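Trainee: Residues per chain, in single letters:
4 protein chains.
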Amino acid sequence: MKKKSRFLQTPIEPFLVEPGLTADELLSRMERISFQGRNLATAYRIWQKMLADDVTIFLGMAGALSAGGLRLVVANLIATRKVDCLVSTGANLYHDLHETRGRHHYVGSAHADDAALASERVDRVYDTYASEEEFIENDEWIAEFAATLEARPYTSREFLYLLGQHLWDTTGEDGILTAAYRANVPIFCPAISDSSIGMGLSQARQKRTGTGVIDTIGDIVESANIVIRRPRTASVVLGGGTPKNFINQASVQAEFYCSDVTGHRYALQIVTDVPHFGGASGSSLEEAQSWGKLGKDSARISVQADATIALPLLASALAHVDERQLAKRRKPEFMLAGRTMSIDGQAVSNERFVEEVNESAV
Amino acid sequence: MKKKSRFLQTPIEPFLVEPGLTADELLSRMERISFQGRNLATAYRIWQKMLADDVTIFLGMAGALSAGGLRLVVANLIATRKVDCLVSTGANLYHDLHETRGRHHYVGSAHADDAALASERVDRVYDTYASEEEFIENDEWIAEFAATLEARPYTSREFLYLLGQHLWDTTGEDGILTAAYRANVPIFCPAISDSSIGMGLSQARQKRTGTGVIDTIGDIVESANIVIRRPRTASVVLGGGTPKNFINQASVQAEFYCSDVTGHRYALQIVTDVPHFGGASGSSLEEAQSWGKLGKDSARISVQADATIALPLLASALAHVDERQLAKRRKPEFMLAGRTMSIDGQAVSNERFVEEVNESAV
Amino acid sequence: MKKKSRFLQTPIEPFLVEPGLTADELLSRMERISFQGRNLATAYRIWQKMLADDVTIFLGMAGALSAGGLRLVVANLIATRKVDCLVSTGANLYHDLHETRGRHHYVGSAHADDAALASERVDRVYDTYASEEEFIENDEWIAEFAATLEARPYTSREFLYLLGQHLWDTTGEDGILTAAYRANVPIFCPAISDSSIGMGLSQARQKRTGTGVIDTIGDIVESANIVIRRPRTASVVLGGGTPKNFINQASVQAEFYCSDVTGHRYALQIVTDVPHFGGASGSSLEEAQSWGKLGKDSARISVQADATIALPLLASALAHVDERQLAKRRKPEFMLAGRTMSIDGQAVSNERFVEEVNESAV
Amino acid sequence: MKKKSRFLQTPIEPFLVEPGLTADELLSRMERISFQGRNLATAYRIWQKMLADDVTIFLGMAGALSAGGLRLVVANLIATRKVDCLVSTGANLYHDLHETRGRHHYVGSAHADDAALASERVDRVYDTYASEEEFIENDEWIAEFAATLEARPYTSREFLYLLGQHLWDTTGEDGILTAAYRANVPIFCPAISDSSIGMGLSQARQKRTGTGVIDTIGDIVESANIVIRRPRTASVVLGGGTPKNFINQASVQAEFYCSDVTGHRYALQIVTDVPHFGGASGSSLEEAQSWGKLGKDSARISVQADATIALPLLASALAHVDERQLAKRRKPEFMLAGRTMSIDGQAVSNERFVEEVNESAV
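Chains as they are written, first to last, in this note's numbering: chain A, 94 to 455; chain B, 94 to 455; chain C, 94 to 455; chain D, 94 to 455.
Just so you know, these hints were derived from the structure itself, not from any lab.
Note that the structure is a prediction, hence the values are computed from the model and not measured.
Take every hint as true, because none was put in to throw you off.
Same chains, same names: a pair is fine if it fits in one copy or spans any two.
DSS-like cross-link-like pairs, simulated, lysine-lysine; straight-line CA separation at most 27 Å: (1) K142 x K421; (2) K389 x K424; (3) K142 x K389; (4) K424 x K142; (5) K389 x K97.
Generate the whole structure from the sequences, applying the supplied hints.
Mentor: This is the structure in structure tokens:
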């Protein structure tokens, strides 16, 4: 009998339907099918590996995930420390705040009459609605809170920590901001000025001069210093956008000051954008390797799927990860109160990149 | 307190992660989130309604679903009669036959060196490989079988029934073709000449003159007559392509001869194509309504997702549908042996459209 | 000074805006930009090379190009013999016939009220409308014509030649079918049963028994024999679908019987589908190489763009190709009247693959 | 004769190929075809209307347009004042600066070996390469420049004006930053901390404490005040991302303080993202209407196309717009030097929203 080609070694195993399959069983049965189904199963396996390894897991989120019903999935990932640091668009944090404050988004139609919606002051996000008046009231709430803070620059990380604290103190409700506050998980929002949180901050200035100042360049320093302090990292990206690049940039910027940094050890992205138009959101993880954003032997997978399908399945499967295993994770410990945060007891400046790491490590 | 806008009635319910969630629980929790997650949950609900109603369910499949590990999902839908009539590309039937005959597709890489694959005669379907020699041997097997048949035209439906029978007789293995044969579910393949099954048929002519003849126009007559005989229909489409249009065409063509036909009562599609380039694969179900392909009050949903993610989840959830309920389904009963098939005991011609239906219905 | 990396040799040349740039100047200035703009410029260059080489150029067209205003672009490519053989979906030929017969498609809206359209019997193709009654009258016209033909099987190629002839005789109008008839360019329609032309053919049976029979498997034999007779080929694909695969299949099937056939020398596709869901429409030309559909050193380019933008630009640029150069082209000469067509004076059977080519070539 | 449906009034006019067609003739012939071709022709018509009307034209650019060879197209639109205010990602400005400083991006391959690229320190953007060392040298150049500035917060607008000035003074070369500097066109970069310009700024801190501070919330105030000062606006968006939302946000935020603001009068977007995943980049202009981002009777068009194909064609056609007509445009006159910019002689604060407009207008 003829020898099989070296390329023909692992047979596809057709998915077998059965009643009662749980999320992790579903994904296990998808490991040897093809296309994006296989990729999602691989993403599950890689995330499990991250959790078993000693890495700081960054989660980037873009797209209307909070308005779209996934905020408690992200909150769950934070609370169970399946992620260590969140980088988000402002909109996702804002829509999270909206619901944490007891408001809602609403089931709507993608084929709405937008003139009719506008006349009732209803804002549409594809098939989902929200009240413009409630949004305006949120902006005001944020502005009032921001105006109470000492008039000085804040990194988005510091401001969002304070916002999460205030939100928890006033509502006691679960959400992304409150979960991150309680779990001491830092949140960065590099494009905060392109969001309603930014709008709230800008309105704080109207209330009290000198308030509402975000030191967005400080975020770069701080995020890179997190990587310098703990060079082994992983990147999980939902939807591309500024969070995807910001996470990679932290690694690249850190490497500039610290040769121990050699790119993410693990990279996983769930995106709907495609590479062939050249935009960063859809760029491949292979491309990221050319920039040194990913380590040479990094495990990586790109899943082309809407997060509203992929993430509920993936996070539900991850809920099967043993709690004792999670407890054993050597995860980074952050202290987020105050102007200068710390990681594992070491200060993380937002004013200067750490250059003395090797000495301090001695 | 101010009255809520009529547009703000049903709150989004954020997905709650929990260990042990089964496929149908996952989809139930996705009913009130947004975007494609909600659409997939709606697809599940609509399919359940189809099963509870008295409709002939057409399933169209395009894209490399069989090579990609979903052939036993489709076989399961056929065997449990969650679909009544299959319309498929030739490739999906061919790749099914390949595995039913004991060959495999293989886990490969989307970043392969295609010149290296070509030199080892390995064919690539995105991230999945197959042996060209085994494919050639399949073609030959099909050609030999086709050459044994009486030299006359066959509708694709009749030929595929005979092929399924032969496959079952020689292998006794599960698959799409064998499941359809055993469950008396007709299969149409409108673009059979654009596939390796067609190639096998063309090679039959080399063996024996006059064989390998498919009466593809007869398929139009036959499929329309199925609808005329039983005008209440539903359409489930995976991936667009010729099956999508063929199923709609059966309805439109039937309506031409029988005013009882008024378009599908239910329509569900899982596609990755988009509407805005004008192609049929990505066309919306709203557009289908303008053509009369869908009934006025039809329940319909379009899910933008890769079937390799959406279908395992959806079919696993459908496995929860009660067997007693399925048993009560008033599904069409087909007799597929011979040149002229029948539905519920009534002949279904492939030579003439039925025009006397009202009389015969009396 | 440090040596430049071997990867950094050809600088991007930013596109320079100027008034009065013609289509070919536009594309020339896009040669050294990036992404799909560069790819379109490369497609232009490759098409020019095809025309200068001695190859049979196949053109595949899928998607609603005819309804969408591109039928006279395709007719122009045929009339100027920038393509030698057309493979099309039925819809594109049908919508071409519709306009050649003096009817129209109409500028509409993608945001139409489809129920209102349905009630006025207006059919929508994304942002384009047509009259259902006129369509029904077309079907009838096709059926009447088909019913006048001798009651025997026809390859789609033979039938479409006769249809083009009849259309030209009765209208004298320009279009795809009439241009192909007049230029002796064969047209194949592998999925003819999935189109309104197929519906017209099926209705011919109602008028006269035994008419409306298409030998779709004969199309496979005929198209492969065209390649066997003249093994140097090029493939231009607009929109994927069955034409894309059928053109490749002709090459693969031909190679089975004739070792001189080694895949297309040139391949160019303008598609909107993507590779990562595994479907054939979006599959890459690299993947095609693994199947032997493309020659080892073939020039190839894939352009991700809507043909309604890319094709007017590309075909207008190609209008600059010198007529004397076109006149010198050693293009294949087809005789299409009758059951058996010929190429360069050699018969092209639809009943048997040519196996004696080397002898006959002596 | 039967009356035509009201929906069937304007026939599709098939595109006619001819040698010598210029960009504006191409687009004129695409006005009555379908799909994205028609949309691009409509975009051309709408942009012409904007230029004839009295509106402030915002241009948003995301995606790797500068690296991809379109920076001089954008520079041309700025220099000829077909746009009045630019909102950009940092990457586009950075890659512009790179080339203005005499470096290059390079023609590369999308199928590169990224490990090999990484080992030669070549960074890949899809099919385009650049030297990592040159990038690092840019960062340093930006850092040095930023460190020379007075240590105080700058809006991104003020900093980018100074950067453009410095770039012009040191190079005298054409580009986006230098064209904007010379034409007094403000540039906002809301996500500056997510870019290499941000990285350069962060490195300035290492050189001199207190430098490299961007007041990103000040950008919100400033951009909204521009709209308050001159409420008639138009939005042109290339590629979605933060610029798209930031332009809309300026309008929404302005409306909060000034009831004369009622959304953009014109909106035109060229995007590759799609609406159905809920993200802002792909969101439809209809959806924008529900938020009040667009005026009730605004002219609007969305083109689904890669900007590297659409923009060269569109900008070349716009080069035909009569210079005398452009000269007559009542365009906004900006003064950008200094901490507080002005529009038409009126101060535009970045510290407080203008609330006294009606009075000042008296």
